[in-house]
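Participant: Following the hints, put chain B in place on chain A, whose structure we already have.
Protein chains in written order, with the numbering used here: chain A, 1 to 376; chain B, 1001 to 1182.
Derived by calculation from the structure, the hints in this document are not laboratory data.
We treat Cβ as the ideally placed atom computed from N, Cα and C, and that holds for glycine.
Each statement offered as a hint is correct.
As a list, the in silico BS3-like pairs of lysine-lysine whose alpha-carbon atoms are at most 30 angstroms apart:
hint, chain 1, residue 1, chain 2, residue 2
1, A, K3, B, K1167
2, B, K1167, A, K42
3, B, K1086, A, K373
4, A, K3, B, K1034
5, A, K3, B, K1143
6, B, K1089, A, K301
7, B, K1160, B, K1034
8, B, K1089, A, K297
9, B, K1033, A, K42
10, A, K297, B, K1143
11, A, K3, B, K1152
12, A, K42, B, K1160
13, B, K1034, A, K297
14, A, K42, B, K1152
15, B, K1160, A, K3
16, B, K1152, A, K5
17, B, K1033, A, K297
18, A, K5, B, K1034
19, B, K1086, A, K297
20, B, K1033, A, K5
21, B, K1168, A, K5
22, A, K373, B, K1089
23, A, K5, B, K1160
24, A, K5, B, K1167
25, B, K1033, A, K3
26, B, K1034, B, K1152
27, A, K5, B, K1143
Distance ranges between label pairs, derived from CB positions:
hint, chain 1, residue 1, chain 2, residue 2, range
28, B, S1060, A, D359, 28 to 38 angstroms
29, A, D359, B, E1098, 28 to 38 angstroms
30, A, Q46, B, G1049, 28 to 38 angstroms
31, B, K1160, A, R324, 55 to 65 angstroms
32, A, A41, B, R1178, 37 to 47 angstroms
33, A, L335, B, G1049, 25 to 35 angstroms
34, B, K1033, A, K347, 44 to 54 angstroms
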Amino acid sequence: MGKIKLLQGNEACAEGALYAGCTFFGGYPITPSTEVAEYMAKRLPQIGGAFLQMEDEIAAMAAVIGGALAGKKALTATSGPGFSLKQENIGFAALTEIPCVIVNVMRGGPSTGVPTGPGQSDIMQCRWGTHGDHPVICLTPAYVQEIFSETVRAFNLAEKYRTPVIIAFDEIVGHMRERIEIPDPGVLPVQDRTKPTCPPSEYLPYDESKGDVPPMANFFEGYRYHVTGLNHGSDGFPVNASPRIHTDELRLLRKVESNRADIVRFEEYLLEDAEVAVFAYGISGRSAKTAVEAARKAGIKAGLFRPLTIWPFPEAQVAALSARVKGIVVPELSLGQIILEVDRCAKGRCRIEGIYRVDGDPINPAQILAKVKEAN
Amino acid sequence: MSGRYEIRFSGSGGQGLILAGVIFAEAATIYDKKNAVQSQSYGPEARGGASKSEVIISESVIDFPKATEIDLMLALTQEACFKYYKDIKPTGTLLVDEDFVKEVPKGAFKVVRLPVIRTASEEIGKAFVANIVALGAITAITKQVSIESVEKAVLSRVPKGTEDLNKKALMAGYDLARGREN
Chain A
1 MGKIKLLQGN EACAEGALYA GCTFFGGYPI TPSTEVAEYM AKRLPQIGGA FLQMEDEIAA
61 MAAVIGGALA GKKALTATSG PGFSLKQENI GFAALTEIPC VIVNVMRGGP STGVPTGPGQ
121 SDIMQCRWGT HGDHPVICLT PAYVQEIFSE TVRAFNLAEK YRTPVIIAFD EIVGHMRERI
181 EIPDPGVLPV QDRTKPTCPP SEYLPYDESK GDVPPMANFF EGYRYHVTGL NHGSDGFPVN
241 ASPRIHTDEL RLLRKVESNR ADIVRFEEYL LEDAEVAVFA YGISGRSAKT AVEAARKAGI
301 KAGLFRPLTI WPFPEAQVAA LSARVKGIVV PELSLGQIIL EVDRCAKGRC RIEGIYRVDG
361 DPINPAQILA KVKEAN
Chain B
1001 MSGRYEIRFS GSGGQGLILA GVIFAEAATI YDKKNAVQSQ SYGPEARGGA SKSEVIISES
1061 VIDFPKATEI DLMLALTQEA CFKYYKDIKP TGTLLVDEDF VKEVPKGAFK VVRLPVIRTA
1121 SEEIGKAFVA NIVALGAITA ITKQVSIESV EKAVLSRVPK GTEDLNKKAL MAGYDLARGR
1181 EN
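Chain A with its partners taken away, still in its complex shape (with noise of 0.2 angstroms):
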């Protein structure tokens, strides 16, 4: 039996990053993310680990990528603004394969936008945020329980895959406290990076012959490598050369695309014998649940499909819900970011219908239910 506790949805983020391992925060504190941050500040010097408050979120997402390399499990959290700040870095970390988390827990935008308000219309950009073609996960927890599991998770995949994992979600799952079971050590599986067994003269950083993951030595441990945003070769130099550009750009991409089956996770409700979808994360995906939950009540099929990860997007899954039912109704809070992807993957098969919102309050379970008896 673990810890039990009531925590907040950004205090759970932290307790999961600590979970997984992470010993070093580079942060820039930012409304509604500061929380996770703060936990952080406090409890990482008790467990021997570093919190590192930078001069604004780019250095931050910087000290990130340098913890990152010295062998450290690694966290930032943001919110929009900081989080396009990050880009940049992230775009760098993507490339040179450093593991690491960044949070961002959405608020409106754009610019500085409705600081203490939910958002969820960064969701293209955790997908393109940074220039150029790039490997990205995005994981989309919803309760606070899932917060923590996810974090760690993402922690996972991080090491696993040596990319950074993106956590997104919303002010009102940052902030809202819920009941936590916070696990004893060893009940979680906590994943971490695979290190080069050979000696350091011979050790190639990006060597594709080892896998799609090469081995990651740790900074100061006898391993010295070069690392670069511009494309390299397996020793980490710069090589602007045909065909190792395009070889290597595959093969980054290859490391989530190959990888759905381990990387995408979802929660069906309810879709069994589904005339009607909804399609949601975060806090619409819980709205989204008691809307299912009315709609049966009232003798409509409808289910509920709510990715807890949103990128790489759940291509087949949604296909083939769209094959199965007459609509499928997308909430989120912005003016139609995600509809376009369940769009793209229904190709027409189905009604595609949106709920759009970004006033600062949430999209409330009677708004969906009266989508649905549309849609049905």
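Facilitator: Relative to chain A, chain B alone:
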């Protein structure tokens, strides 16, 4: 949504209403072993502005965490009262501070007027424990959580050295509202 009970604490930023909600939710989940969710809504101001904190208590799992059909709403300021009362259900209760909320909105709901802030400042001697006085009153009116559990939760959350003060405030609020139940 059977057995779902919705409470909204409202007032001005800085009155400790988010803390009151947290304590109530903690009493419900940790000490009384019920399902509860606490959420909040506030403006960018550190002090002032209308602020609210909500607690949902339920026998089943709580998915939608916000109040939409309120069983009990507390309003400690006139501004918050009018800003947030609309979701009170016809069978619900509006609990107001009788000195700071002079005008009460019309509705089918029951209205309870109590001297929450005056009790804190005059009887206890510290205006800042008004949130704890309110918590005592809400415990008596809602009967959702035992007063013993609320007391335990209060004591685990308040600063060291203020335990007796807060205990007194809680009981003062509880006694104030007994007999005024829903």
